[in-house]
Structures are given as structure tokens and as C-alpha cells.
Amino acid sequence: MTESFDFKGRHIIDTEDLSTAEILHLVKTADDIQAMGDKALEIAKGKILATLFWEPSTRTRLSFEAAMFKLGGNVLGFSEASTTSSAKGETLADTIKTVALYADIIAMRNPLEGSAMAAARYSDRPIINGGDGAHLHPTQTLGDIYTLYKERGTLDGLKIGFLGDLLFGRTIHTLVRLLSRFDVEMHFFSPEGLNIPEYVRSSLQAKGAVFSESEDMNGQLAELDVLYVTRIQKERFFSEEEYLRKKNSYRVDRELLEKAKSDILILHPLPRNEEISQDVDDLPNAGYFRQAAYGMEMRMALISKCLGLM
Amino acid sequence: MTESFDFKGRHIIDTEDLSTAEILHLVKTADDIQAMGDKALEIAKGKILATLFWEPSTRTRLSFEAAMFKLGGNVLGFSEASTTSSAKGETLADTIKTVALYADIIAMRNPLEGSAMAAARYSDRPIINGGDGAHLHPTQTLGDIYTLYKERGTLDGLKIGFLGDLLFGRTIHTLVRLLSRFDVEMHFFSPEGLNIPEYVRSSLQAKGAVFSESEDMNGQLAELDVLYVTRIQKERFFSEEEYLRKKNSYRVDRELLEKAKSDILILHPLPRNEEISQDVDDLPNAGYFRQAAYGMEMRMALISKCLGLM
Amino acid sequence: MTESFDFKGRHIIDTEDLSTAEILHLVKTADDIQAMGDKALEIAKGKILATLFWEPSTRTRLSFEAAMFKLGGNVLGFSEASTTSSAKGETLADTIKTVALYADIIAMRNPLEGSAMAAARYSDRPIINGGDGAHLHPTQTLGDIYTLYKERGTLDGLKIGFLGDLLFGRTIHTLVRLLSRFDVEMHFFSPEGLNIPEYVRSSLQAKGAVFSESEDMNGQLAELDVLYVTRIQKERFFSEEEYLRKKNSYRVDRELLEKAKSDILILHPLPRNEEISQDVDDLPNAGYFRQAAYGMEMRMALISKCLGLM
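Protein chains in written order, with our numbering: chain S, 52 to 361; chain C, 52 to 361; chain D, 52 to 361.
Don't take every hint at face value.
Note that the list lumps identical chains together, so a pair holds whenever it fits in one copy or between two copies.
Below 35 Å or equal to it, Euclidean Cα-Cα: the simulated DSBU-like pairs (lysine-lysine) are [said to hold, decoys possible]:
{"id": "1", "residue 1": "Lys-96", "residue 2": "Lys-148"}
{"id": "2", "residue 1": "Lys-297", "residue 2": "Lys-312"}
{"id": "3", "residue 1": "Lys-210", "residue 2": "Lys-90"}
{"id": "4", "residue 1": "Lys-90", "residue 2": "Lys-258"}
I should point out that these hints are in silico values taken from the structure, not numbers from a laboratory. On a predicted model such as this, the values are computed, not experimentally measured, just so you know.
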């Protein structure tokens, strides 16, 4: 039994604005909506979602749009900046104020850090942050939490590894900070120079989180319940030589999984490049596509809650 | 009580094609639809609006799309020319004839003057002109008329000022000509060289309209009921020096409004640059965002009427 | 009475994968859906079509979107490659796997030959090939077959001419091969060097099809029931001189039609350039716009069948 919360009119800018109880309520709401089946098509009937994507992100945009359609609502918006009034010098404030007249709720992605928070100040319709630069991406993070619940039933006691570029991977930072509120162990595996940033490390220490950092998984792979893999770009390595020497340590394939628990769950925010071998896709451990589906379901919950419809 | 008119199958190309009684009927229809609340979602159920925007205009396009969704219909189309068959050398006639097979009604914006009228010749579905070059933009004009009714109850006796670039401002010319049919006084304030064009002046004189022209508002601001502000671009001024000297005369802020009637209504077709200070936005006088909402409501009326659904 | 077939979950990649009985069933289904009138709006209620167009094709995309809306469903997707994850190096497989989580059925156009077939391998949702390079375009072909049935009642005994560039015209090759299964006569009229390719000729011979090839229509125009015209590009001719000398032989106008049967049906896959004079458009013989409408109706049938809803 989770506590219930009214989200009507609320903006979703940063997961740090949400209490743990609120997050658990969103998880439960996502579940409840899925249980409704086709009746979910009545939830947002006649409502309009605007997807304002100044920075293209087909994946995130389509996820929001599918979420709204599955709630019975409609979608308008734009998928890149070039055709917008911003190109005519309009301020973000004016664009948001105008779109808020046409739509009931707004999902936005803008390359400028803090843009979603700024937009929220000017909008009397809920703003859902679909990514503001390298800063925040709360719907991805909440979708990841929902994934862990769906796949594991609970977060309690989970040992979660994070593999790859942990410095530039936006989604990792907010997820890690959010997970530090739960009873989990975190293990970070990254090449030298691509470790989690200091502000994340301090935050974890301040909260008394249990975590470790190392360059490779050798010692810990066998104990992990979940391995969260991130894209790692060749250019991030110190040298071509270092890249060639190390890249296999940050790549998941069937051979590597033989050293892991048989039911280890592999996650990845997608799109992937070569960090996960395609031969992993057919294993039940490959959770990354299910994760994308859970992300959409969490967006259904967020839209419903912020519109005051659930 | 207004007279009723059947618009089924009619094209909306130019406000000059509409009688005053027809315009009043559109105003009433817009009102009637709003009064229907959620029942408006049944009006255009199963109908399709095509938004064909060879020239990008996010604001106008989203307004049409929101209007159609609020009537329960669907929308397809394109938002820029680059991806269309026109790029393959197809004629406007063929594009229109084809889209008329897919959609029940077409809203179009094309940079070519007269393109909407040409399109209407080839379409057995209603064409709504969403702007053809610097020529006509009837849905903006009709939305402005609806705004005046909603904000003032009547147009009779209104003293309306127009401020800024009155030469290049497309929306102003059609609005002014339409207003000359009503019992209003019009006052034009523009820098030298950016006055209303001669054909508009002649038209007003021919109709016996009451109007004045001057470079500044000093003498008349206190008597205005409405001030319609337009974008004024730096490049339009004779020189940088002239721009710096004069720009404040064409900018509305709180200080200026102290010299005006306390309930003066400020309108602007949007997007704005710096002609209206953001500190005006929170005043009840700031009608420009409500004006955008009324524009969408008028588009709902036009779609409903031209489809023969109201 | 035609045999009925279950298409649920099936991909539509190539008309060669369909038996003649299956094609006749699709023709009948298209008819049945049109007979349903507004009740067709219930068929795909709550379902989502993804239109993934890596290569722009407004005409085909809008046809699919209109088809889905007329079935009561919704549409998401993209209309050009530049804004997609593919631009971030994502594989086709991953894009398809992700979109298959959001949508119930996928219509795609990709410039790479074989891409639709590859996509089908990765998708647990039906893939409809909306054109893969110069290779296959099955929904156009099936729409053309449906057009012949609607316009002529039967294909039996039809004498069909094909005019223009028969070498590069993608849509012709699949149509011709499909028609060779029926009791029709085919006559190919093309400039030297732009004849039907050898693999099509061999296929027709192997099936014992009745056909002829010539540079002009002179001898046979009077006997044709149908003339299928294709775009012919100036650059395809051997020389400018040859182009000027011959172009009129591959252009249909009223004068030419005086030498044909009075009820000859003129078809064209559109968009056209100058191969058909606009003065033909008003004749009842001009079937090319009706053909576009029938194409949309066939897409309604395909979507309904592949979703298992008809």
C-alpha cells in the first residue's frame, strides 16, 4: 500500500523535487494504468500534449507521443528548432505562454541547462522536462526506477553495477542520486578519467550510500543483480591505443555474462552503439528494450498525474 | 440575434470575401462552440485537417492543429517545404488535388501571394488560407475581431490605435480594412516611412472611415480603448541614429501605460520582440496571449463551418 | 465470393510474397471497409501506426496517415532521417525494436534496398514496406490492382499499355510481374534504352504472359483499355536532340486520346511532371487521382488485416 498524492498542475523538472513516497506513488500509478487495459484510452480523452523538441530526440519524443495516444489524448508540437518562432527571436517565455494556450500539458527538450525550470515559471500548464542539455532527464530516471520494480519486485538489497562512461552520461547521475535514497549497493566501473563526477560522489557519501569504484568489473561482476551499461565514445579515451586496449572491458557480450549471475539484468538507456553485443538481445537478461517500454508507461503515469486525471 | 449562414464547402481566402453579417455569425459560432465544452469533441470526429505549411509558422500551425483536436478531429500534413513533392517539381494544383483525397479540409501557408486562391480553384475540399506571403492572413484577422468582441462586448465606438511598423505589417492591413466596416475610430502611429500604405489609406477614405495618422501617440494615447502593437525591426529605420532616438516611442511598457486609460487593451499578433516590455504581461491590459487563444477558437469556428458541421 | 485469410502479425514487404487469392481478399477487404462508412472509425481505435520515413515521401506518408485516421487510430513517427537516432549511429534493428514497443504497426520507407525485409526480422509488430530504395513498393502495386478492379470490375481480358521510362520506374516492375498472374495483355511503350529490364521480361516469358514492346503506341493505342503512364526524365534520354524529337510520343494529352477508346483509363503513380497534360484532368478517363484515393483505401485494408482487426 502506497500513499497517494495529487500532482495536478505540477511540473516535473528534476527527480530531486520528488519525495520517495511520491516516486513510489508514480510507480504504483504506472502499474494501475497498465492494469486498466483499453480503459486507459478514456483517461486523457480530449486532452492535448505538446511535444516541444528544440533538440531532436526521436526516441524520447515518440515515447511521449505513444504515452499520450495510449491515454486517448492528442499530440502537437515540433521536433527540431529550425522551424520555430525561436528562430524569429521569440523568447522561451513567449513560446511557452503561447503553447500553453493550445495544449493541456507540455513535454519539452531544450539544449539549454535550466530551460525546463525557466519554462515552468511561465507556464500555467504542467511542464515535463524531456531533457535539458546535459543536465536533467527525469522521465528517463523515473522509467528506470519503474523498470527495476517491474523486473525485480523491489529495490531493497539490489547490487547494481554501472559500466562505461560515468562522467558524461547524463542519465546515470540523476539515477544514481535517486537510488541513493534506497537500500541498494552501487558499483561503478569506468575507465580512468571517466569516473562519476565529484558532486555525485559527495552526494552519495553525504547520504551514507554503499558504493565502490573501480576500472574493471572483475572482482564484482559475479555478485551483481543489475548491470546498467552506458554508451562510451572512442573520443573519450586518452588515446587510440588506450581505447583498443580497454574497450572490451566496457562491452557486454555472452562470454562476459557467463561470469555473472544467471539472472543478472542488463539495462541501457539506448541508443546503444557497441557496448552491448547484439547476441545478448535474445537472452532474458537483456532488459534494455523492456526498459524503453517501461519508460513509456512511466510517461503515461506522469501525464495522467500532472493533468489531475489519476 | 445574428443571422445564420451555411459555409459548407466554402474556402476562406480573404476576409474581403465575407460579409459583415457572415463575420458576426462566425463570431457567434466561435462563442457557441466554446459553450459546448467537451461536447465540441464530437463536432469533427473522424474528420481530417491537412496543415500544408510550405513556409514554417509553428504558431499558426499549432493553432490550427489544436483547433482541430478540440473539435475531435485529426491532423496530417507537413511543416516545411523541403520534404514535399513540390521539391520534386510537382505543381501546387497536383499537391492540393492529392491532399484533398486524404483530408476533409486544408489549412495552408505558402510564401507565394495568391497561392491560397489558386489552391482553392483545384480543391473540392475547403481551403483555409493560413497566410500567403505578405498578402493575406484571414484567420488572424478574424481572430482579432473575435478578440475585440470578447474583450469589449462590442466594436461600436471603439477608439483603436495601431503602433509600430504599419507598412510591412501584413496583419494590420487586412484588419484595418475590415474594421472600417464598423463604427470605430482608428489612429495610426508609425515612424516616418513606415506609415500605412496608400492603398489602405484610400480604402479607408473611400469608406468614410474616421482615422488619423501621426508619428507619436502623445496627443491621443489617453483616449484609446485598444492599442494594437506590431513588430518593428531595427532595419526598417532610416539609420541607426534614428532607431536609437525613436525606438522608445514605439515600445509599450508600464510607464507608458500610466498615460493611458486604466482599462486600455493591448494587442499584438505575436511573436513579439521588444515592442512590448515583459513587465506588461502581468497586467490585465495585456490581451495578446488571450488574443492567441481567441485566434484558435475562431479557427475552430471556421473549420466547423466550412465542413458544414455547425 | 473470395477466400478469407488471416494476416494478423504478417509483414508486407513484397507483393511476390502474396498469393493471388490473398490479393483478391485484400481487394475485397478494402471494399468491405469502405462499405462500413463511419463504422470504420472503430476498427483501429486505440491502435498506433508508426510512419518511419528515412527518405521523405510526403505523398506516401500522408496516404498511410490518412488511412490510419480513417480507421480511428493514431500516428507517430518521423518524416526524414536527419532528426533520428540513426543519425547517432543506431542500427536499423535497434530503431525498429524500440518503435515496435511504442506502435502496433510500422510503415517505413528507407532508401536502402532490402531494409524493410531486414526490419521485419527484428520486429514483432507488422512492418509495411512503404518503399525501399528503387526496389519494392508493394502498397502502390496493391493500390493499383485495387484501382483496376474498382474502375473495370475485373482484370480479365484487359489490354494494358505502359508508357514512358519503363527501366527506372520502380512501381512498374512489381505491377507488371503481379499482373502477369492475371489474364491481361500488356504492351510496353518506351524510348530505346528505357525498356523494361531483362529480369522483368524473362519473368513474363516464363509465366507465358502475353505482351509486346515498341517505341511508340501508334499501332496499339486504339485497342488499349488502360494506359499506365510513368514519369520520364529529360536526363534519361540519349541526347537533348533525341529528347526534343521524342518527348511528345510519351506525353498524353486530349489530342492523343482522340485516337484511343473513348473509355480508356489513364493511370499514373504521381507525382507527374509533364507526361500528362493538365487538360486531361477533367476527363472521366483521368483515373490517376482516383488511383491515389484507392491507394489509401488499400492501405486501410492492409493496416486492418495485419493488425488482425478485419
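The hints, checked one at a time:
1. In this assembly of identical chains, Lys-96 and Lys-148 lie within 35 Å of each other by CA distance both inside one copy and across copies; the values are 23 Å within and 28 Å between.
2. Taking the shortest alpha-carbon separations for Lys-297 and Lys-312, only the intra-copy value of 23 Å comes in at or below 35 Å, while the best inter-copy value is 73 Å.
3. Taking the shortest Cα distances, Lys-210 and Lys-90 never come within 35 Å of each other, neither inside one copy (37 Å) nor across copies (53 Å).
4. In the homo-oligomer, the alpha carbons of Lys-90 and Lys-258 never lie at most 35 Å apart, since the shortest distance is 42 Å inside one protomer and 52 Å across protomers.
Of the numbered hints given earlier, the model fails hints 3, 4; all others are met.
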